[in-house]
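Listed in order, the protein sequences are those of chains A and B. Be aware that the first sequence starts at 272, since it is given in this note's numbering, and climbs by one per residue. Be aware that the second sequence starts at 40, since it is given in this note's numbering, and climbs by one per residue.
Honestly, the hints are just simulated from the structure, not real lab data. Quick reminder that beta carbons are idealized off the backbone N, C-alpha and C, glycines included. A couple of the hints might just be wrong.
[To be verified] Sample of chain A residues with no beta-carbon within 12 angstroms of chain B, all distances over it, derived:
1) P393
2) I417
3) P445
4) F519
5) V546
[Stated by the list, open to error] Which stretches of chain B does chain A cover? Using the computed rule of at least three CB atoms under 8 angstroms from a CB of chain A, they are:
6) 163-170
7) 261-275
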Amino acid sequence: MNISLLLAANSIAFGGLLFLLSAGFSLIFGLMRIPNLTHGSLFMLGAYFGVSLIALGLGFWPAAIVAAFGVAVFGGLVERLLLRRLPGAELAQVLVTLGLSFMIADFSLMWWGGDPISIDTPRALRGATFVAGLGFPTYRIAVIMIAVIVAAALWALLDWTRLGAMIRAGVDDPEMARIVGIRVSRLFTIVFSLGAGLAGFAGVIGGPILSVYPGLDQDMLPLALVVVILGGSGSLIGSFIGSFVVAFLYNFGQAMLPELAYVVLFLPMLVVLVVRPEGLFGRAAP
Amino acid sequence: MRRLALAFGLLVLATLPFWVGNSYYTNIASQILLYAVFALGLNVLVGYAGLVSLGHAGLFGIAAYTGALLINSGAGHLLAILGALGVTLLAAAAFAMLSLRGTGLGFVMITVALGQIVWGVAYRWISITNGDNGVSIATRPAPFGLTLATAPGFYWASLVVFLVSLGAIAVFAASPFGISLRGTRDQPRRMNALGYHVWMIRFLAFLFSGLWSGVAGMLFLYYNQFVSPQSVALTSSAEVLLMVIAGGTGTLLGPFAGAALVVIMKNVASAYIERWNFVLGAIFVAIVIFMPEGLVPGSLRFWRWTLTRLRPRRPAAVATPVRAPLPNREGGA
Numbered sequence: 272m273n274i275s276l277l278l279a280a281n282s283i284a285f286g287g288l289l290f291l292l293s294a295g296f297s298l299i300f301g302l303m304r305i306p307n308l309t310h311g312s313l314f315m316l317g318a319y320f321g322v323s324l325i326a327l328g329l330g331f332w333p334a335a336i337v338a339a340f341g342v343a344v345f346g347g348l349v350e351r352l353l354l355r356r357l358p359g360a361e362l363a364q365v366l367v368t369l370g371l372s373f374m375i376a377d378f379s380l381m382w383w384g385g386d387p388i389s390i391d392t393p394r395a396l397r398g399a400t401f402v403a404g405l406g407f408p409t410y411r412i413a414v415i416m417i418a419v420i421v422a423a424a425l426w427a428l429l430d431w432t433r434l435g436a437m438i439r440a441g442v443d444d445p446e447m448a449r450i451v452g453i454r455v456s457r458l459f460t461i462v463f464s465l466g467a468g469l470a471g472f473a474g475v476i477g478g479p480i481l482s483v484y485p486g487l488d489q490d491m492l493p494l495a496l497v498v499v500i501l502g503g504s505g506s507l508i509g510s511f512i513g514s515f516v517v518a519f520l521y522n523f524g525q526a527m528l529p530e531l532a533y534v535v536l537f538l539p540m541l542v543v544l545v546v547r548p549e550g551l552f553g554r555a556a557p
Numbered sequence: 040m041r042r043l044a045l046a047f048g049l050l051v052l053a054t055l056p057f058w059v060g061n062s063y064y065t066n067i068a069s070q071i072l073l074y075a076v077f078a079l080g081l082n083v084l085v086g087y088a089g090l091v092s093l094g095h096a097g098l099f100g101i102a103a104y105t106g107a108l109l110i111n112s113g114a115g116h117l118l119a120i121l122g123a124l125g126v127t128l129l130a131a132a133a134f135a136m137l138s139l140r141g142t143g144l145g146f147v148m149i150t151v152a153l154g155q156i157v158w159g160v161a162y163r164w165i166s167i168t169n170g171d172n173g174v175s176i177a178t179r180p181a182p183f184g185l186t187l188a189t190a191p192g193f194y195w196a197s198l199v200v201f202l203v204s205l206g207a208i209a210v211f212a213a214s215p216f217g218i219s220l221r222g223t224r225d226q227p228r229r230m231n232a233l234g235y236h237v238w239m240i241r242f243l244a245f246l247f248s249g250l251w252s253g254v255a256g257m258l259f260l261y262y263n264q265f266v267s268p269q270s271v272a273l274t275s276s277a278e279v280l281l282m283v284i285a286g287g288t289g290t291l292l293g294p295f296a297g298a299a300l301v302v303i304m305k306n307v308a309s310a311y312i313e314r315w316n317f318v319l320g321a322i323f324v325a326i327v328i329f330m331p332e333g334l335v336p337g338s339l340r341f342w343r344w345t346l347t348r349l350r351p352r353r354p355a356a357v358a359t360p361v362r363a364p365l366p367n368r369e370g371g372a
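With the rest of the complex left out, here is chain A (with noise of 0.2 angstroms):
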């Protein structure tokens, strides 16, 4: 069995997962200009409701479903009781979702008890696929195109829906969007929430893969700044790729230098950075 090409495979699981995670940062970030230290959080708790809903007896994708729903609400509730105060104040949005990101890995810490807990791999989705002679996990490819769906309807609702339309014209210029009677502050709680919701089924698609653990949240948070800081704010594609690129450095990294592997994965951003402040698909601030 070849090392690099099944390392291969699960990065790209790994980055359609990733992808699941940053889009929604990226989105909130660019339309809202809100930095939301949460994200990681959504990502665990997402992943701790799909836990309890299986244990409640529910299947896998349904438990997915229901707590990306879950994760949805809250992330509107969040934004319209919280950040819906703090409109413009950067310092203070930081601080409250960094205060919120305590309290909710604190909360679970103490509802969900500190030991990692694995989620099943559907059943049907057990065992491996032979492409070509080469066998890889079932469930790492079905993530693949999970991530692949999801990146296509977002792509659709963003370029082919009013809906879409008014939410990139309420991250090109959110006074101009106003004014046309586009009501922005509705638009901020359905990016919100829909960021959020994403983020917690990616908790529960990627709980066969990474288990759910404490901390989960403080290591996935930075892997989506990582992507948006690469691939721009508020862009798909730009996150679209850099989850990708982001995927394979963290898990040929963990291989190959595993003492190191948290340097070499900063290493294109600081890269970038220098290059082009603003990510690779991203467009100079205002």
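Add chain B to chain A, keeping to what the hints say.
Chain B in isolation, oriented as in the chain A frame:
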């Protein structure tokens, strides 16, 4: 009046080990002082430069780790301290060059990422940093033959370092450079048009802030005689940011008040409840929502408001200048 209060405060601080009478409380006071130095350093960036860094625990940790590794490889304390501060300055320069590529939110996100790199190295590079187990050192230094091994001895040493840092930052803030730094915070474009090199001013402020974070890191190392990835984590950066914000940004004594509040809360809270992080998060949210300008200015505002309520109105009342709420700072250069 002001001088009298200052002298009284100094007297109270200098005699503290005698009247608290217990090494446990003296140690808490030492912790407050060392975190106050850290918060003062971060406040140079957050308060005077308007740049919010969430990666300062990285610099703090670099100083502590460098110091510990130097001491363990046989270097003397003076060499270890100088080496640690030198390495911290270099790291601060690298941090500044990268993070100043972004402004506003970009700056915050880059500092988070940089802080996480340092954490990742401390946690994963086990052959050097000993991973999660951390690094310990055997002794505290004994400058001029004075022992720092006892609680009061260490307290006085921390007090001296704290007063030096307070003095240095007071001079810094009042100097023309400090004033131009505040100029770059409030009106970066105008400062640029006036011929100030905004980037260089911010860069130097970052170095100065990093230097005091490094000093605090060394104090931390000597206080605990131990350093682990825990003290480099994002939580640690967030704690010190909370101290700065809680005390009031851009004030001299705010960071000290914030450090005292957080350290005391942490010690008291952890005696009664296990969930310190939950409390920390809740305080963050509460302070931002209810006292956005910080506890010291917030309480002053409340105090003035009560005074004006209590005092009977006189026809020719002297108009007291009311402090305007902080303007929304523009992050862009």
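Hint-by-hint comparison with the structure:
no.	hint	verdict
1	P393	holds, 33 angstroms
2	I417	holds, 27 angstroms
3	P445	holds, 15 angstroms
4	F519	holds, 17 angstroms
5	V546	violated, 10 angstroms
6	163-170	holds (count 4)
7	261-275	holds (count 3)
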